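Given only the sequences and the hints, what does the whole structure look like? Please build it.
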Amino acid sequence: MPRKRNNPVSLSAEDRDMLEGLIAHGRAPARQLSHARILLKADEAARDTPAWPDVKIADALEVSRSTVFRVRERFAREGLEAALLHRQPKNTKPKKLDGEQEAHLIALACSEPPKGKNRWSVRLLAERFVSLDCAEEPISRELVRRTLKKVP
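Heads up, the sequence shown is in the numbering used here, so the first residue is 1155 and it goes up one at a time.
It is worth saying that the hints were derived from the structure and are not from the lab. Remember, it's a predicted structure, so these values are computed and weren't measured experimentally. Check each hint, because a few of them may be wrong.
Claimed, not checked - Below, in silico cross-link-like pairs of lysine-lysine (BS3-like), each with a Cα-Cα straight-line distance of 30 Å or less:
no., residue 1, residue 2
1, K1269, K1303
2, K1250, K1303
3, K1244, K1303
4, K1303, K1247
5, K1195, K1244
6, K1244, K1304
7, K1271, K1250
The following block contains the structure:
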């Protein structure tokens, strides 16, 4: 189902010149250049060429239609700068272990293994780490593996 063009792009002459200069210069990040091209093609205020439909823009610039839609939407809601710049994701998970806890886990892995064991297993490290009250909640063995993998 094709999307309606709810977010018309109407650039001022200064904005259009700035975008064309950005593309001509070519030293900006690729995503920023792509978004600038999308905005220029979608501009309805341009007198020399009519605005392109989203499908044609997506095909010409080799991006998805949803990318064109999102760039239009961000331009309409937040302005030119927001439509050009990459935004960091909002839904980042907090780390389970802080630096001190990671250091403690690494020190535990470097210590002598328990009696009857030749070496520490990842599962055993996870259990011992929690039993020593180093973490408020149980940690997975995958978290232990990823933490130890960071250490050379």
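Verification of the supplied hints:
1. Proximity of K1269 to K1303 is assessed by CA-CA distance (about 25 Å); at most 30 Å being required, the pair is judged to hold.
2. Annotation: proposed proximity of K1250 to K1303 holds, straight-line Cα distance about 16 Å (limit 30 Å).
3. The suggested pairing of K1244 with K1303 holds, with an alpha-carbon distance near 27 Å, which does not exceed 30 Å.
4. Of the supplied pair hints, the one linking K1303 and K1247 holds, its CA atoms being roughly 20 Å apart against a limit of 30 Å.
5. Using a Cα cut-off of 30 Å, the hinted pair K1195 and K1244 holds, with the two alpha carbons roughly 29 Å apart.
6. Taking the CA atoms of K1244 and K1304, the gap is near 25 Å; set against the 30 Å cutoff, the hint holds.
7. For a cut-off of 30 Å, the pair hint linking K1271 to K1250 stands: about 27 Å separates their Cα positions.
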